[in-house]
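*Asks:* Below, each chain spelled out in residue letters.
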Amino acid sequence: MSVDGSLDRLKREGRIVVVGASLAGLRAAETLREKGFAGSLTMIGDEPYEPYDRPPLSKQVLLGRATADRTGLPRLRAVDAQWRLGVPATGLDMAARRVRLADGDEVEYDRLLIATGVRARPWPQEDEAELDGVFVLRTRDDAEALERSLAQGPRRVLVIGAGFTGSEIASACRERGIAVTVAERADAPLVGALGGVVGEVAAELQRKHGVDLRCGVMVTRLEGDSAGHVRAAHFSDGSTVEADVVIVSLGAQRNTEWLAGSGLGAGLRGIACDAGCRAFDIRGIVTDDIYVAGDVARSPHPLFGYQFLSLEHWGNAVAQAETAAHNMLSESADRRPHIWVPAFWSSQFGVNIKSVGVPSMGTEILIAQGSRSEHRFTGVYGYQGRVIGAVTFDQTKWLQFYQQLIETTAPFPPAFPTVDRRPEGQQPIPADFPDPSVPTHGPTVTLSGYAPDDRRLTFTPARH
Amino acid sequence: MTEAILRQIINYAHRADPYPLYEELRKTPVYHDADGPFVLSRYYDIQSLLHDPRISSDARNLKTPATANPLAAEADDETALPPSFLRLDPPEHDRLRRMTNRPFGPPHSPRRVHEMHGELKDIVSGLIDGIDNPDRIDLVDQFSYPFPVTVICRLLGVPREDEARFHSWADTIAASLDPDPGADTDERAKVSHNARTELGMYLAGLIEERRKKPGADMLSQLSTAGGPDGVMTTMEVLSTAALLLIAGHETTVNLITNGMLTLLRNPDVLERLRKDPNLAVPVVEELLRFEPPVQLVPQRTTLTDIEVRGVTIPKGASLWLVLAAGNRDPDRFEDPDRFDPDRGDIQHLGFGSGIHSCFGAPLARLEAQLALSELARRLENPRLLEDPPPYRQNAVLRGPRHLPIACDGIRP
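Top to bottom, those sequences are chains X and Z.
So for the first sequence, UniProt numbering puts the first residue at 1; every next one is plus one.
So for the second sequence, UniProt numbering puts the first residue at 1; every next one is plus one.
Chain X extracted, bound-state conformation:
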């Protein structure tokens, strides 16, 4: 493509199609224009809305401080695109370079960016999932419906799954004075992402804020009343909780079904791509014209043993989208790798939680600063003698330092003193991540094998 100046032609009059009109899709489109792409740009999105921001949906929106329709993403520049909103893509013809849409239309491309993201994993029992008062939270519509029902003052809310989203929902409910029960299959909240040592602190926070937290249990059945509204949930320990709102927060599923049979390396774990964001086909050969970014992508990361990481992180979506857009318009020598260091944040129960690296790879943790009992601390995760991740509870400003340790593969445990080192920070302790062979809700970071071809992997359902 680049030998005969066709890259210039692509920039001038090419056709780029972006499937997925959320954060990654929008930032990619903006970057394409910024890099001088003057051709036609088509944005395809299954939701009827222009790109909006999701983090506020489980925070400000549930608190009633902002309405869901006010979460539109700020535009960094004009993208001058044809928007096909409310029309999901249903298929891909790689040979003909065409995307099929749900309304029967077909859109041709010279370059395709797939940023279809993830959706909330629904409650597995369909009839129970359809009861009134049973929600998931992923989209603007989800948030709006849930907020409306919280505003009506439910007697008790049940949150199933204490990952980040579930915990944030519970936090918002408590802040609104609503009684909440949280059911978590693991021994504590957040253990999938942060391990048991930190999970214990998260559990303490929940209980301190009046959450009825039940760990080590599964919800076996949701029960409706005669009008079809949920009224109770039955637990694996034989107990029952009456609740008129149930939020199913069991992690996410990747939106790749529309690619089935297309020949692209897409599956339950996402779409495998190289570090330059180019998608693999099912043979494990990298494509030249199809790029992937955001939650749906999984790409090898040199800092973490070249494992394919799939990251449901806001910052990752932005960085990967920018890299994908840059690479789409670059000669191969000018392409850049996506080597973003994983980072995410959450705010719950008045605490600002932030993490860098891949804590879930860690086997040990050192509380390097502060104290778990004060709920203000910095935890550093170690893996095979190096620093692999870090988490802060209300100590965000130190995180940059630990990110540098991760980037420079600094030894673990760190051998130096710091300010605010407490007795509990003298020795590392086991980080206490759950046995990966025991299924739980989906952790934020999914680590999988080395092979780019998904279909040989056995998938353990990330649900209880």
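Derived by calculation from the structure, the hints in this document are not laboratory data.
None of the values given here were measured: they were computed from a predicted structure.
Just so you know, nobody snuck in bad clues.
So the derived list for chain X, only partly shown, Cβ under 10 Å to chain Z, looks like this:
| # | residue |
| --- | --- |
| 1 | Lys-397 |
| 2 | Tyr-402 |
| 3 | Val-419 |
DEER-style ranges, computed between Cβ atoms:
| # | chain 1 | residue 1 | chain 2 | residue 2 | range |
| --- | --- | --- | --- | --- | --- |
| 4 | Z | Leu-384 | X | Ser-330 | 45 to 53 Å |
| 5 | Z | Lys-63 | X | Glu-407 | 28 to 36 Å |
| 6 | Z | Asp-335 | X | Ile-339 | 26 to 34 Å |
| 7 | Z | Asp-345 | X | Glu-407 | 18 to 26 Å |
The beta carbon of each residue, even a glycine, is placed where N, CA and C say it ideally should be.
Position chain Z relative to chain X; hints supplied.
*Replies:* Coordinates of chain Z only, in the frame set by chain X:
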């Protein structure tokens, strides 16, 4: 590179333009000579050390006492008060800063600074209205200086009738922070000590009153508010109030004066600001990069041996982080010596960074934005009468002592 470079920076002869010296300094990113401090001048090094938990702000961790440090003494505000949170490490720092922030900023008081807007604007208008002779204005004495003191009085809740006394103590203390080399040092120390004592007594009395009858001011809230961290002791409130006064005052004077000086040297920007007061936002950010009111942080020390760019800085060493040099690091900012409010990327070190980043930043920003946009709007055809103007002695809190300007008149 000569060993004299730090002395040159301190030397008053270079006060008007230390930037060539900083450029020289950046050539040796970790500068150290004899028993002096380790001096860091590159943007990324400073930025990362400000976030490094192996670095302490607590003078007790210094190997050699702070007095051996030629700048620490003049920047230092040695009183009988316990150290303020500026000079403490976590967890004490965090606790005191959190308690101080409770009545000042988010999450507990998200609207405090915003709600001072009208009051600040009135003070600015009053000071500009008070300019009687447009042919010769000393912007420092007539504007930049009184403005922030008045603001701090209002913030702390000093009664209006006491503001004049408060101003006079603040003047004396400020003068002692910025010694005139000709003056009698013993006499000055005595006068300054007296001012501190009187100010301390006055504030202690005010705190007592506020404890009994709290108002909406910060002093009341600091003395009475009981959050999860409890209530501050009287001594803690005193040292915090003193910190807010000194740190919030001297720096803002310089920000505004440096700002007007820079605008008068860049008349096109001044003219744009006159037409569009919203330009004040990027103008103030670029000022914080271009002419930061705090030129360097001289009070950090290492808790362990650390390595920066291959140089080992030993445990207990004194560090200088030269913010003003980092702000003009060409590795970080394109064309760094140009004042350009249109540069999209102004992630300056003017307010520091990390846990000690400027506590009063939101207020300082608002004060400077209001002051500069109003000065630009109301002064008709303003011009500098002296360039460079006479500077204050202080190399750390660097700024003009006087800024003589003239204009054709004052617009309503």
